[in-house]
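There are 2 protein chains.
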Amino acid sequence: MLKVQLSAAWYHVAQGERLEGLKPLLRHTRPDLVLTAMTLPDGTAMDVKNLLQQDEALADVPVLAIAPRNDKAARLRALAAGVDDVLVKPYNDTLLLARIRNFLRTRSGSEALPLQGGSQPLGFAEGSTPAPALAPPAMIALLTHGIETGTSWRTALQPRTRHRVIDRRFNDMQAVLSNPAPDAVVVELRPSGTELDLIADLRARNTTRHAVLIALLDHETTHLATAAFDLGADAVMMGAFCPKELALRLENQIARKVRHDRMRASVRNGLLAAVTDSLTGLHNRHYALPALQQIVRTAQDSGTSFALMLGDLDHFKRVNDLYGHVAGDSVLIETARRLQAALRPQDLLARIGGEEFLIALPRTDRGRALSVADRLCNEISSHGFPLPGQDRTVAVTMSIGLKICDNCTPPRRSRGAEIQTLIEQADKALYSAKAAGRNRVELLPSAA
Amino acid sequence: MLKVQLSAAWYHVAQGERLEGLKPLLRHTRPDLVLTAMTLPDGTAMDVKNLLQQDEALADVPVLAIAPRNDKAARLRALAAGVDDVLVKPYNDTLLLARIRNFLRTRSGSEALPLQGGSQPLGFAEGSTPAPALAPPAMIALLTHGIETGTSWRTALQPRTRHRVIDRRFNDMQAVLSNPAPDAVVVELRPSGTELDLIADLRARNTTRHAVLIALLDHETTHLATAAFDLGADAVMMGAFCPKELALRLENQIARKVRHDRMRASVRNGLLAAVTDSLTGLHNRHYALPALQQIVRTAQDSGTSFALMLGDLDHFKRVNDLYGHVAGDSVLIETARRLQAALRPQDLLARIGGEEFLIALPRTDRGRALSVADRLCNEISSHGFPLPGQDRTVAVTMSIGLKICDNCTPPRRSRGAEIQTLIEQADKALYSAKAAGRNRVELLPSAA
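Chain order of the listed sequences is Z and D.
Numbering of the first sequence is given in our numbering, commencing with residue 1 and proceeding in unit increments.
Numbering of the second sequence is given in our numbering, commencing with residue 1001 and proceeding in unit increments.
In case anyone wonders, no lab produced these hints; they're calculated from the structure.
All residues carry an ideal CB built from backbone N, CA and C; glycine is no exception.
Each hint should be verified, as a subset may be incorrect.
[Said to hold, decoys possible] Below, in silico cross-link-like pairs of lysine-lysine (DSS-like), each with a Cα-Cα straight-line distance of 30 angstroms or less:
id	chain 1	residue 1	chain 2	residue 2
1	D	K1317	Z	K317
2	Z	K317	Z	K244
3	D	K1072	D	K1317
4	Z	K434	D	K1317
5	D	K1089	D	K1257
6	D	K1257	D	K1023
7	Z	K257	D	K1257
8	D	K1072	D	K1089
9	Z	K72	Z	K89
10	D	K1023	Z	K317
11	D	K1434	D	K1244
12	D	K1023	D	K1003
13	Z	K317	D	K1434
14	Z	K257	Z	K317
15	D	K1317	Z	K428
16	Z	K89	Z	K3
17	Z	K72	Z	K3
18	Z	K23	Z	K3
[Unchecked claim] Over the 10 angstroms line for every Cβ pair with chain Z, so calculated as not near, a few chain D residues:
id	residue
19	R1101
20	P1136
21	E1188
22	R1259
23	G1270
24	S1278
25	E1442
Same shape as in the complex, but just chain Z:
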């Protein structure tokens, strides 16, 4: 019956009858959601959840259990086992569909990015982070109309959760939206439904966008529950206030939020890694070229001049050959540090090759560019580089090719080519510096 209903709503449905044989079915179909009866011929909804959780590729698939109305104990057991939601029979069809849509949306926000051929989704690449259960306590805000409700909910909930519970009024939203924003918000939803706007609102704000949102209705008002799901509530509880169930749901949802937060951080770190040179911590070539492009564009738009330098350590191979790779790496790190210290925050500094650095100075004229380039040269040559684990230092010098751009042409179509030409010009100047004896700056005139 459910299959017919879901197919009519244009979902693809794969059906299993029992726990046995479920794993290959799940692995094969890779579902977005699993709906299950609370009891199967050979297991329970909790077994289904465990089955999924044991499989890295399926661990993120939510499980919705359908339960008899009056078995509250079973519902609590299922939630305690991590089942994502429990819908009681007979359920309202519209509510079911809204519940499903909500699962699909929530999941899409956290999609791990599977990589080519590998079985390792990137979001889980952080093997050393502690399990969510060990994460620090979260902050839970209860949002109620009356202070009595707030106090009584908080008093009942706090002993059942390791998280910190605060209660707030609807007319004091500023306190909820300010930093530190709560990790979870429990919203009292009254029959008028005016608080639905608030759910949409919390979902839209920067500070609460990723917070857990749970709506509490003291009556079974299906259309409000449906709306709450569609507006972004993560869970809806109808009927008398049950602190035990609320604590379980908060625990599950907060654990999910911690996982998703980690995944977003991991994506962010992955992106940072993609544009960072892991040895020196400077930007890498992948970052430098578009960043240089933007400096060119800004100079063109504002009619200002800028300077581009290519710096290359002289005879760097000798350092590696004489003192080993560890010493060579330490020279590169120290070079990066000295260059960085001599530049402004708005300057671009990147390691674009083994011992080659790209430096771009926006809003810089010829005079300043020459003096900065000389200073950089001097920063490298003026005092020796310490060798790791040794008492002595090694002398290092750098040659710099400089190109001043003070007659920037207006934006052109093929910006890639433009950048390429600039770099070639700076490279030509660098070659002259090397040919002229190294440890010096050579300037390619802007007319070249």
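Position chain D relative to chain Z; hints supplied.
This is chain D only, laid out in the frame that chain Z set:
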């Protein structure tokens, strides 16, 4: 008045009176949204939009213009200039707030990730991609109840847009959800509002999650418009069908979608770059360690054995010294190719150092591991490596340290340490292989 209203809704409001001086204000406050009257003392809403678009850091900020009710021509001009939406006076307060929430949510889905100190958000790093206007035509689906409405809308819209327009019925949703899914869906919203579920539904499905959604109401039904915004419609048009306005809105929204799609792809590429060795295209160390961890876990869970190898090219420095870095790089690329070709898809192959490769074979016993390792050694030594631009080849050999894990202990807490131990053991075996004369496989017995 608007300021009071928005502050009461707990938004931070910064106010400007005229176009002059607006740019520093915007740069300083970095707003999430700009609300503007259609005409300012010294400019128009279009000028505000242009101002934002000229600034890379602000280009993504949406502009909502507030216009007199009866100046349709001004509204169309604003939309044609890229203003993101126009609200007519007097507007309904609830609708305004829903419109704002919608802008905030849409924008959050596309946040570029600004990197430390740099002015270059990563999402824009692809300087060479064509401007959205040059993107291929999109597919627009009109979803109506009656075939007459569908046909007449399509006939009126198609001549005004370069995109492809199709019309579909609500009872034939499968055609809309199937691949290729439409880039934009225009939904006929009737006074009953039953189609609101459909908007929530399209926002939840994999295939239409990122599609442009525009709701059309033939009456001014504010509460339906509000709900449509909160459920995820990108635009709502009320009143008589106006193909010109619809075409303009579709053009704007499709351009935004193209930008957001590109940004998502760019994030994805950035992530790929973060786990890929750019020289050989193999996985890098950043990917290899957690992937190895997962192979260990699977072996433990399933009670199977696996093999870990560290392969290192012998005397590789000589290749670089004698033939240059280009030759060295080409040897590394060819090594990667030969190793890859000799392994199964489920095997892990990564370049984890200059000339060092990590190979892990899941579900592999001692016999097979030894034969694979010998084969890999042989693949490298049996025929020379071509030197780029030269007719001759260079002989290269590889030493391999092998560690078989066939008595895996059950999952332990500190998996990082476990992996580290495994790698050290394989490294010990590699050292033996080097010491024993290179170009050979040495096995560390599983008891070691």
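Results of checking the hints against the structure:
1. For the hint pairing D/K1317 with Z/K317, the CA-to-CA distance comes to about 11 angstroms; that is within 30 angstroms, so the pair holds.
2. Between Z/K317 and Z/K244 the CA atoms are separated by roughly 67 angstroms; this puts the pair beyond 30 angstroms, and the hint is violated.
3. About 73 angstroms separates the Cα atoms of D/K1072 and D/K1317, which puts this hinted pair outside 30 angstroms; it is violated.
4. For the suggested pair Z/K434 and D/K1317, the alpha carbons sit about 24 angstroms apart, so the restraint of at most 30 angstroms is met.
5. In summary, the hint linking D/K1089 to D/K1257 is supported, as the alpha carbons are separated by about 28 angstroms, within the 30 angstroms threshold.
6. Annotation: proposed proximity of D/K1257 to D/K1023 holds, straight-line Cα distance about 26 angstroms (limit 30 angstroms).
7. Restraint check: the Cα-Cα separation between Z/K257 and D/K1257 comes to about 27 angstroms, which is no more than 30 angstroms; the hinted pair holds.
8. Restraint check for D/K1072 and D/K1089: satisfied, since their Cα atoms lie roughly 12 angstroms apart, inside the 30 angstroms limit.
9. For the hint pairing Z/K72 with Z/K89, the CA-to-CA distance comes to about 12 angstroms; that is within 30 angstroms, so the pair holds.
10. Straight-line distance between C-alpha atoms of D/K1023 and Z/K317 comes to about 50 angstroms, which puts the hinted pair past the 30 angstroms bound.
11. Using a Cα cut-off of 30 angstroms, the hinted pair D/K1434 and D/K1244 is violated, with the two alpha carbons roughly 75 angstroms apart.
12. Taking the CA atoms of D/K1023 and D/K1003, the gap is about 19 angstroms. The hint holds against a cut of 30 angstroms.
13. Restraint check for Z/K317 and D/K1434: satisfied, since their Cα atoms lie roughly 25 angstroms apart, inside the 30 angstroms limit.
14. With a C-alpha separation of about 49 angstroms, the suggested pair Z/K257 and Z/K317 falls outside the 30 angstroms cut-off, and the hint is violated.
15. Pair hint D/K1317 plus Z/K428 holds up; C-alpha atoms about 28 angstroms apart against a cutoff of 30 angstroms.
16. Proposed proximity of Z/K89 and Z/K3 is supported: the alpha carbons are some 16 angstroms apart, at most 30 angstroms.
17. A C-alpha spacing of about 26 angstroms is found between Z/K72 and Z/K3, which places the hinted pair at or below 30 angstroms, so the restraint holds.
18. A C-alpha spacing of about 19 angstroms is found between Z/K23 and Z/K3, which places the hinted pair at or below 30 angstroms, so the restraint holds.
19. D/R1101, annotated as away from the interface, has a beta carbon of chain Z within 10 angstroms; the closest lies near 4 angstroms.
20. Against chain Z, the non-interface label of D/P1136 holds: every CB pair exceeds 10 angstroms, the least being about 19 angstroms.
21. Remark: the non-interface label on D/E1188 is consistent with the geometry, its nearest Cβ contact in chain Z lying 18 angstroms away (cut-off 10 angstroms).
22. Against the 10 angstroms criterion, D/R1259 stays outside the reach of chain Z, whose nearest CB is about 16 angstroms from its own CB.
23. With a least CB separation of 4 angstroms from chain Z, D/G1270 falls inside the 10 angstroms interface cut-off, contrary to its annotation.
24. Under the 10 angstroms C-beta cut-off, the non-interface status given to D/S1278 relative to chain Z is violated; the minimum distance is some 8 angstroms.
25. The beta carbon of D/E1442 is kept farther than 10 angstroms from every beta carbon of chain Z, the shortest such distance being approximately 24 angstroms.
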